[in-house]
Amino acid sequence: MEQLMTLTCTHCGKTIQIPQGLETFSCLYCGEKMSLADFAPREAQIADEEDRAFAEEHFIDVVASYPDYFRNFGRRTYTDSFFAYKEGIEPIFQAMNRYVCAKPDQWQALLDHFVSRFLQDWERFYSQDRRWKHRSSRNAMLFDAKLTLAWYTVPAILDLELPIGEDLTRTLHEQFLEHYPDNPFEIGTFQDISEGFRKKKLCFITTAVCAHEGKPDDCEELTAFRSFRDGWLSQTQDGRALIEEYYRLAPVLVTAMTYASDGKTPYETLRRDYLDPCSRLLQQGQMEECKQTYVNMVRALQAQYHVS
1 MEQLMTLTCT HCGKTIQIPQ GLETFSCLYC GEKMSLADFA PREAQIADEE
51 DRAFAEEHFI DVVASYPDYF RNFGRRTYTD SFFAYKEGIE PIFQAMNRYV
101 CAKPDQWQAL LDHFVSRFLQ DWERFYSQDR RWKHRSSRNA MLFDAKLTLA
151 WYTVPAILDL ELPIGEDLTR TLHEQFLEHY PDNPFEIGTF QDISEGFRKK
201 KLCFITTAVC AHEGKPDDCE ELTAFRSFRD GWLSQTQDGR ALIEEYYRLA
251 PVLVTAMTYA SDGKTPYETL RRDYLDPCSR LLQQGQMEEC KQTYVNMVRA
301 LQAQYHVS
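Take the sequence shown: its letters are residues 1 to 308, numbered as in this note's numbering.
Source of the hints: derived by calculation from the structure; they are not laboratory data.
Some clues are possibly wrong.
To be verified - Here are the in silico distance ranges between beta carbons for each label pair:
#1 Ser137 / Thr8: 46 to 54 Å
#2 Asp112 / Trp232: 51 to 59 Å
#3 Lys133 / Gln191: 23 to 31 Å
#4 Ser137 / Asp218: 41 to 49 Å
Backbone N, C-alpha and C fix where the C-beta goes; we use that ideal spot for every residue, glycine too.
Whenever a hint applies, use it, and build me the whole structure from the sequences.
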C-alpha cells in the first residue's frame, strides 16, 4: 500500500494527503501548486516547539515521578537504580538538547529559562504537600529531594553525554543554590559516586574529617582511633560486629556526604558533636562511652542520608 503524508495547504488551510516522495503537487481543494520543500521550515518549527513544550512540562518529572528515589542509594542498589532512572528521564533532556542546539545563539538564555521553569514547578509541586507550611518539615522535604538531584539527576544528565549536559548541570547547580542556599550539593558523575562505594580506608569517616582539616593519615588522632578499634573494640563480640558493619557503611556514608553537601558543614558538625567527644573519652579511658558515641554518629548519618 502506498504511504501517504498528511499536510495542510498553505493557501486554503485544508488537510490534504499526498504520496510520500512526491516533490511537487497541487491542493485538491483550491488547486494551489506547492513543493514539499515549502513545508520543511514549518515542520521543523513545529518539531522545535514540541520539544520545548515537552522539556518545559516534564523537567519537574525528574523528582515528581521519582518520589523517595534517594532511598535506592546503596552499595548494592545504586547502579541498577541509576540506569533505570537515567532511562526514564532521557526523553526530557533529548528534547531539551534538540531545542537548545537548534538555537546556538540563545544557548545559555534557554538553559536559564528551562532551569528557572523547573524551579518554579519544583516549588509549586512541593508546596501542595501540607508539610510545606512548616519550616522544619519543609527543610526536611527539601533535603530529601536534593538527594535525588545530587545522586541521580545531575549524574544522569552528565552520563547522557549531550552537548548541553555540562552547561545544564552547572546552571541547575547555580540556580538551585541561589534559591535554596541552606541545601547545597556537589556536582558528581555516576563514576565518581559508584567508585566512592568501593573505597576502603581504616576509620573512614574520621579519615575524611581529618583529610578535610588537612591532617595526615598518620596523625595522632587517627592513630588513637585505630588503636582503639584494633585493640579494645575488636576484642569484644559486639565490637567485631560493629567493625564489620562500619566497613560496609562508611564508604557509602562518606560518598553521600560528599555529593549532598557543601563539602564543609557535615565534617565540622561531625567534629564538634562526635569526634572531639570521642577523643576526650579515649584519653579518659572510657572505652564503652567512646564506642557508644561513635555508634551514635554512624546511626545519625544513616538516618540523615537514608542509608541502611
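Taking the hints in turn, this is what the structure says about them:
At roughly 52 Å, the beta-carbon separation of Ser137 and Thr8 lies within the given 46 to 54 Å, and the hint holds. One distance hint, 51 to 59 Å for the beta-carbon pair Asp112 and Trp232, holds here, with the actual separation near 57 Å. The supplied range of 23 to 31 Å is broken by Lys133 and Gln191, whose beta-carbon atoms lie about 40 Å from each other. A beta carbon spacing of about 44 Å between Ser137 and Asp218 agrees with the range 41 to 49 Å that was offered as a hint.
In summary, the structure is inconsistent with hint 3 from the numbered list given earlier, while agreeing with all the others.
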